[in-house]
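Q: Here are the chains, one letter per residue:
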Amino acid sequence: MTPTKQFATFTLNSLFLGVDVLKVQEVIRYQTMTRVPTAPAMVEGLINLRGQIITAIDLRLRLDLPARPDDQLPMNVVVRTDDGALSLLVDEIGDVVEIADESFERIPETVTGVVRDLVTGVYKLDGRLLLILDTEKAANLPMASTLALVSAKN
Amino acid sequence: MDDLIKEFLIESHENLDRLERDLVELEKDPHDKETLSSIFRTIHTLKGSAGFLGYGQLEAVSHVGENLLSRMRDGLLVINPDIAGALLATVDVVRRMLGEIESTGAPEERDYSALIQLLDRLKDGPIAATETHVEVSPPAIIAAPVVIVAAPTPVAPIVGAAPVAVEVTPVAVAAPVAVAAPVAIAAPVAVAAPVAVASEHVEQRSSAASDSSIRVDVSLLDKLMNLVGELVLARNQVLQFTSQHTDSAFAATAQRLNLITTELQGSAMKTRMQPIGNIWSKLPRVVRDLSASCGKEIRLEMEGKDTELDKTIIEAIKDPLTHIVRNSVDHGIETPEVRMERGKAAEGCLKMRAFHEGGQVNIEIIDDGGGIDLDRVKQKAIQRGIISAEQAARMSDHEGLHLIFMPGFSTAEKITNVSGRGVGMDVVKTNIEKIGGTVDLQSQLGKGTTLKIKIPLTLAIIPALVVTSGGERFAIPQISLLELLRLEAANVSQQIEYVHGAPVYRLRGKLLPLVYLNRELKLNHAGAVPQEEREVNIVVVQADGHPFGLVVDDINDTQEIVVKPLGKQLKGVGCFAGATIMGDGRVALILDVLGLAQQSRVVAEIHDRNSHLDSAAESRKPQDDKQTLLLFSAGQGTRMAIPLSMVARLEEFPRSSVEYSGGRPVVRYRGQILPLIKVAQYLPQVGAQVGEDEDAAMQVVVYSENGKSVGLVVGRIDDIVSEVITEKRHAYGNGILGSIVVQDQVTDLLDVHSVIRASDPSFNPGRGTPSAAA
Chain A
1 MTPTKQFATF
11 TLNSLFLGVD
21 VLKVQEVIRY
31 QTMTRVPTAP
41 AMVEGLINLR
51 GQIITAIDLR
61 LRLDLPARPD
71 DQLPMNVVVR
81 TDDGALSLLV
91 DEIGDVVEIA
101 DESFERIPET
111 VTGVVRDLVT
121 GVYKLDGRLL
131 LILDTEKAAN
141 LPMASTLALV
151 SAKN
Chain B
1 MDDLIKEFLI
11 ESHENLDRLE
21 RDLVELEKDP
31 HDKETLSSIF
41 RTIHTLKGSA
51 GFLGYGQLEA
61 VSHVGENLLS
71 RMRDGLLVIN
81 PDIAGALLAT
91 VDVVRRMLGE
101 IESTGAPEER
111 DYSALIQLLD
121 RLKDGPIAAT
131 ETHVEVSPPA
141 IIAAPVVIVA
151 APTPVAPIVG
161 AAPVAVEVTP
171 VAVAAPVAVA
181 APVAIAAPVA
191 VAAPVAVASE
201 HVEQRSSAAS
211 DSSIRVDVSL
221 LDKLMNLVGE
231 LVLARNQVLQ
241 FTSQHTDSAF
251 AATAQRLNLI
261 TTELQGSAMK
271 TRMQPIGNIW
281 SKLPRVVRDL
291 SASCGKEIRL
301 EMEGKDTELD
311 KTIIEAIKDP
321 LTHIVRNSVD
331 HGIETPEVRM
341 ERGKAAEGCL
351 KMRAFHEGGQ
361 VNIEIIDDGG
371 GIDLDRVKQK
381 AIQRGIISAE
391 QAARMSDHEG
401 LHLIFMPGFS
411 TAEKITNVSG
421 RGVGMDVVKT
431 NIEKIGGTVD
441 LQSQLGKGTT
451 LKIKIPLTLA
461 IIPALVVTSG
471 GERFAIPQIS
481 LLELLRLEAA
491 NVSQQIEYVH
501 GAPVYRLRGK
511 LLPLVYLNRE
521 LKLNHAGAVP
531 QEEREVNIVV
541 VQADGHPFGL
551 VVDDINDTQE
561 IVVKPLGKQL
571 KGVGCFAGAT
581 IMGDGRVALI
591 LDVLGLAQQS
601 RVVAEIHDRN
611 SHLDSAAESR
621 KPQDDKQTLL
631 LFSAGQGTRM
641 AIPLSMVARL
651 EEFPRSSVEY
661 SGGRPVVRYR
671 GQILPLIKVA
681 QYLPQVGAQV
691 GEDEDAAMQV
701 VVYSENGKSV
711 GLVVGRIDDI
721 VSEVITEKRH
731 AYGNGILGSI
741 VVQDQVTDLL
751 DVHSVIRASD
761 PSFNPGRGTP
771 SAAA
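Which chain is which? The protein sequence lines are A and B, in order. Each residue of the first sequence is one higher than the last, beginning at 1 in the numbering used here. Each residue of the second sequence is one higher than the last, beginning at 1 in the numbering used here.
Because the hints were derived from the structure by calculation, they are not lab data. Among the clues, some could well be false.
[What the hints assert, rightly or not] Here are the simulated lysine-lysine pairs, DSS-like style, with alpha carbons at most 30 Å apart:
| hint | chain 1 | residue 1 | chain 2 | residue 2 |
| --- | --- | --- | --- | --- |
| 1 | B | K305 | B | K434 |
| 2 | B | K318 | B | K454 |
| 3 | B | K434 | A | K137 |
| 4 | B | K568 | A | K137 |
| 5 | B | K351 | B | K447 |
| 6 | B | K522 | B | K434 |
| 7 | B | K223 | A | K23 |
| 8 | B | K571 | A | K23 |
Put together the whole structure using the sequences plus the hints.
A: The following block contains the structure:
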C-alpha cells in the first residue's frame, strides 16, 4: 500500500490549491465580517465562530492575485495554525483528494511571485496541477506591509 | 515526562525559592533557629529525592550542603557572608540542574568539584568552629541534643541520628565551657520531650494547611476563565432578548442567570489571583547580591505583600519590577560614603508598596537615594537626539523626568551588566502599558525617587462604552474614559476652535484636542468636515495622562465585554486593543486609546501646542504696553505696585485672626494655613515700624506659586489701574524691582520674590515638589 496523503482542495482565481486535511478545522460559507480599519488590505475582517473571534484573510490578496469580483462571495476555509485558528477566503471549495506521496514534485519554474513562496510543492493530477499551500507561511503576513503600517503609525 | 519527575521538579523549585528567602533571612538574623531548621530540612529533602530518583550529582551537591548546614544547625557554625554566598551559589546550581532535567531529562555532566570542595572547606573551617563555638552560648549547646530528637521524626532512618550524635558529643566535651557539658548530656531527655511534642504540633498544623489548598494546572484555570467569558457573552445576549420579550417568567430566569454569572465571574477571577508577594519574594536576594557587588548597604522594605493580582499581570510585571529595583540599587542609592557626606544614614532604604485603589492595583517603588538629575537627563536626551534644546527648555519638570522612558536613553556613566544599556526603562513602560497600566515617575535631587505603577485589576472582562462611528461599532474601555460631551448642532461652529489647523474644544478653560474617529480610521464618511446641522458627540478619554476628545457619530451604552485578543496578523494595528462579541453576535473592535493618541499625534501634539501657546503669549508682552497693576501702600507715604497677574486674591483679615506657627504669623484661609509676610518689614527705606492701627483689618494680597500661597500684608490697597507704563528705572535690591510712573506719580514696583525669599527661604523650592498625596 503506497503512502498517501489527504488534501482539502479549493480554487482561487485560476489556481487549484490544496491544504493538508488534518490542518483544516472546518469549511463554512461566507459569514458577515467585521472590518478592521487601518489593517492591511488582505485582512478582510473578523468573524464570530461559535464564540471565537477569528481573523479572515483574503487568500487572493495574500497571493497577490487580482481581487474577487464584488458579486462573488468567498468561502471560508478555517485552518489551524500555531497561533490559533485562521480563516482563508477562497473562491470555491473542492473535494478532499487522496494522493500518493510519490506524485509530489517541486514547484515548476513557471510559477512565480508570492505563490512560489507560499507553496511547498505540487501534485500532478489529470489535466491540472494541485498546488499545496503552506498555511503557516500564509498566516504570516508579509513584513513589508506591517513595516509600512508601523512607520505610518510613528 | 514522568509524573513523578514532574512532581519532583515543581516541589523542588518551590523549595529552592523558600530556601533562598530563608538564607537571606538567616543572614539578617543568624541565630534564628526556625529558619535554620527550615533550611536544613529543605536541603535534606532535596538530597533524599535526588538520591531516590537517581540524580547522582544533584545528590552529591545537596549532600555537601547538608553537611555544612548540619554544622550550623548544631551550633558549631554561624552563618557569615562566605557561607551565605556559597549556599546561594548552590541554590543557583541546583536550579540549573533542575532546568536541565526538565529540558533533557538529566542534569548535564559537569564538574562540580569546586563547589563541593568549597562547601566542604567551609564546613570544616577549624577557626570558625571553635571561635564560633565559644560565641555560641549555652542555649545553642542545649539546642544540639534537642535537634537530634526532632530530626528523625520526618525522616524515617534512625540511622541518621547516630552519626549526628557522634559528631556533636565529642565537640561538646571539648568545649572550653566544660561546665556546660554535663548540662548538655543531662538535658536531652528533659528538653527533648517538649520539643518532640512541639515538632509534632508543627507537623499537624502544616498538614492542616496543606489539606485546604490544592494544586491546579494553570492551563485548566485558563480554560475555566475562557468558559466564564463565553458565559458572560451568552448572558449578554440573553439579556438583550429579555428587553424585547415581556414574559415575566423568562425575565425572572434571565435575571437569575445574570446574578449567577456575575458571581461565577468574580469567583473565577479570584482563582487566578495571586499575592504580589510571590514575585516580591525573589527581590530580597536580588537586592542583597546587587548591593554587595555595588558596595552599598540597602534595606528592602515591602508593604502589601498580600495584595492580589491576576496571574497574567504578575507574569507581565515580574521583569519590569526587577529592572526597576536593580536600577534603584545600581544608580539610585548612593554608596555609604556619599550618603554620609550628604548627611544621610549609611544604609539606603528601598521601599515597595502595593495596594488596591480605585479599581486598580498600585505599586510604588520608593528609594531615598540621590534622585534623578533633571538637567543631566535633558542633556542626554538632547545629545541622543531625542529632543531639541528648545523643547528641553520648555518642558515641565515632570515631562523632563519622563524622558528616561524614551527608547535609546541611558544616563548611566558606566554600562554595567546590571543596567545602563538604555533598553531598560522604555521596555518597562511598554510592558506595563501593554497590560493597560501606567507608570509615573517623581524625583527630588538628593532626596530620592518614587516610581508609581497603576494596573487595572482585570484584563479579561471589562466595562466598556459602546459607540458607533462610520457605520461600525467600537468599544472604549471605561478605564480610559473621563467624560462625555454633546455639542448641539447650532453651537458646533462656535465651540470647536482651530489651533494651527487642529480642532480643539475649550473644556472648562482648558483646550482639549479633538480626534475624529472616522478620519483616524478612514471609515465611511471620512474626510467630510462635520456638517453644520449635526450634533457632535465627544468622548473625552485620556492616554498617558493626556486627555483628548474622540469625536464619534453616536454614543450607545455601557456594557461588560469580554476582551478577546487580536490575531498576530493584526499586531501592527495600533488603534485596537482587541475585539469582543456583542450581544447580537457580531464582532466589535475595542479601541486602544493610547494607540489612537499616538497615531493621531495627539500626544506629541499636546506638547507642541502648549509650547506654541506659551511662545504666543510671550511674544505678546513686549508689544503690549498697557499693564494692569495693583497699587497699594506699604507704610506711610510709600506708593507701591505689583502686576495684577501676580495677585491671586485680595483679602482682609481682622488682626485677631493672626496666629503664630514656628514664630511666623499665619492665618487660617480656605482650609489652608496661609503664612503672612509684612511687606513693610522687608523694605528698609520705609520708615521704622509705623504704629499700626490695632483695630483696622489687615489688607492682604495673596500670592500663589506651585500650589503654595503666601499673604503679603500691606498698609492699604489703593487701586487697580491699567496704564501704559512710561519711565522706568531699574533698581535692584531692597525689595524693589524698579520705579515707574503711574498716574503721574512715582511708584515702586515690589519685588515679590525677593521679599518672600527673605521672609521664608524655603518657599520657592525651584523645582516642582512631588506632591505627597499623589
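Q: Within 30 Å, alpha carbon to alpha carbon, are K318 (chain B) and K454 (chain B)?
A: Between K318 (chain B) and K454 (chain B) the Cα gap is close to 14 Å, so the pair holds against 30 Å.
Q: Take a quick look at whether K351 (chain B) and K447 (chain B) sit within 30 Å of each other, Cα to Cα.
A: holds (14 Å)
Q: Given the hint that K571 (chain B) pairs with K23 (chain A), test it: the Cα-Cα distance must not exceed 30 Å.
A: Holds, at about 23 Å.
Q: Does K568 (chain B) pair with K137 (chain A) here, judged by a C-alpha cut-off of 30 Å?
A: Judged against 30 Å, a Cα distance of about 13 Å means the pair holds.
Q: Starting from K434 (chain B), check that the Cα of K137 (chain A) is at most 30 Å away, please.
A: holds (27 Å)
Q: Going straight from one Cα to the other, do K305 (chain B) and K434 (chain B) come out at no more than 30 Å?
A: Holds, because 24 Å separates the two Cα atoms, which is no more than 30 Å.
Q: Run the distance test for K522 (chain B) versus K434 (chain B): straight-line Cα separation, threshold 30 Å.
A: holds (25 Å)
Q: Quickly compare the C-alpha distance for K223 (chain B) and K23 (chain A) to 30 Å and report which way the hint goes.
A: holds (22 Å)
Of the numbered hints stated above, none is contradicted by the structure.
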